[in-house]
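Protein chains: 2
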Amino acid sequence: MTPLRTALLQGPAGVPESVEQSLGVLEEAAGRAAARGARVLVTSEMFLTGYAVGERVAELAETRRGPAGERVARIAARHGIAIAYGYPERDGQAVFNAARLVGPDGAGLADYRKTHLFGPYERAAFTPGDTQVVQAGLDGHRVGLLICYDVEFPEAVRAHALAGTEVLLVPTALMRPYEFVSTTLVPTRAYENGIHIAYANRCGPEGEWDFAGLSALAGPDGTVRARAGAGAEFLVADADPAVLRAAREETPYLADRRPELYRTHLG
Amino acid sequence: MTPLRTALLQGPAGVPESVEQSLGVLEEAAGRAAARGARVLVTSEMFLTGYAVGERVAELAETRRGPAGERVARIAARHGIAIAYGYPERDGQAVFNAARLVGPDGAGLADYRKTHLFGPYERAAFTPGDTQVVQAGLDGHRVGLLICYDVEFPEAVRAHALAGTEVLLVPTALMRPYEFVSTTLVPTRAYENGIHIAYANRCGPEGEWDFAGLSALAGPDGTVRARAGAGAEFLVADADPAVLRAAREETPYLADRRPELYRTHLG
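As you go down the protein sequences, you meet chains A and B in turn. So for the first sequence, the working numbering puts the first residue at 763; every next one is plus one. So for the second sequence, the working numbering puts the first residue at 763; every next one is plus one.
Treat the hints loosely; a few may be bogus.
What follows is a set of in silico ranges between Cβ atoms, one per label pair, in the way DEER data are often shown [said to hold, decoys possible]:
id	chain 1	residue 1	chain 2	residue 2	range
1	A	T893	B	A886	18 to 26 Å
2	B	T764	A	T946	23 to 31 Å
3	A	L1016	B	R938	18 to 26 Å
Since the hints were derived computationally from the structure, they do not count as laboratory data. Built from N, CA and C at the ideal position, the CB exists for glycine as well.
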């Protein structure tokens, strides 16, 4: 099978709360990604609105197929590339920290709501999701979605791997001083599960936070296929199923688990 | 509470199959560790006999309180230091890849049998253990035991953390080219669970393997408190409960888990 060429857009969307500017950045990135042969473009968490939008998150939130979402779908279709993006999702009275994957024709493929909310801001702003594993097929690859803090829980990524996820797309908003998560924990998650992880972060100061950059495509063999620095950056790298197969032969963690011993302990 | 000063003995025991030589190395290391104020000394996996003993493992195996074990207990008592050591344990017809912790008075505190056997040699030589979490109290700290490949499974370490383990003692026999496990995965395990991990490896060539060294005391805050190189080495560092408490406040992973979402996936 052909590798899934994956583009990661690391950057602030521009001015927080400026959905218009975010869509402009996305349009440009989708064009660059498609020109380099990428089949999917991954943005940061809360890409469309910015992360540090405080109490305005409720009014900025829109439904899955709201006006900004429809424009993302048109960008995807225009450039013939799938896009996984973060945004605040409205569903009735509830607001979720969400990621949506649209296909290269603009059709919705998967919708995920962050299950592990991080810190007081997110807990005040969002309702937590209640479904751990959300997947879709893309060019014959099984891709999954998680958001930021989710990936720090080994259970969440293991659940994906056991359900067949091969490439995990993770819009994120990792702040300093948590660089360890991107440099060390994310490569471990990929290695211990034999999957690729596309971890696309924000960067630079925004509100009370300073985002760490360091976006990465981490491979199932412990290598990092592409790694960003601290500033705005655009990465393209391949998630290769041949690397995945070789890694799972070399370190057959999924086969060597002993779930009957874990059950009583993991609550 | 006082930090648990922990010594890690990295090295081949000397000639494989020479239990006598291993006990000599241990005696010397226990003296050095005690002189530096350590309260526990951790050795590598299969320390007493060597790892690459092939089919002789069955005859080298002895019960928990066999002759070599009794001599370890006397070494511990002589130097007033706890010792966690790896050896092949006989129990009737079965042979386990085991770790035993004896206290500073030489009394047995905990016995663990490796639950995740690695590769064809271990699967042929050993019966897998059937108890994931084995713990003991040591100077007011809750310590646990795992062996090598076990620690690569996030479930095994999570089980310990949820059961209250604060310092995980891990005799290991990590070969090249799996250095990633020590450099990256073990620090992640400590970080994602808010615990200290004392990972004591073999080093250098033995039989068909080349052991990687790189023993470490990994901290709950993502730092590595002490790290060995590739050759024979002796490390001493503190597992400090104050660091553990601060890390768990900073990254409250255990509190932020969502076990109700994992259950259906983790089998």
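Going down the list of hints, with the structure as the test:
no. : hint                         : result
1   : A:T893 - B:A886: 18 to 26 Å  : violated, 42 Å
2   : B:T764 - A:T946: 23 to 31 Å  : holds, 29 Å
3   : A:L1016 - B:R938: 18 to 26 Å : holds, 23 Å
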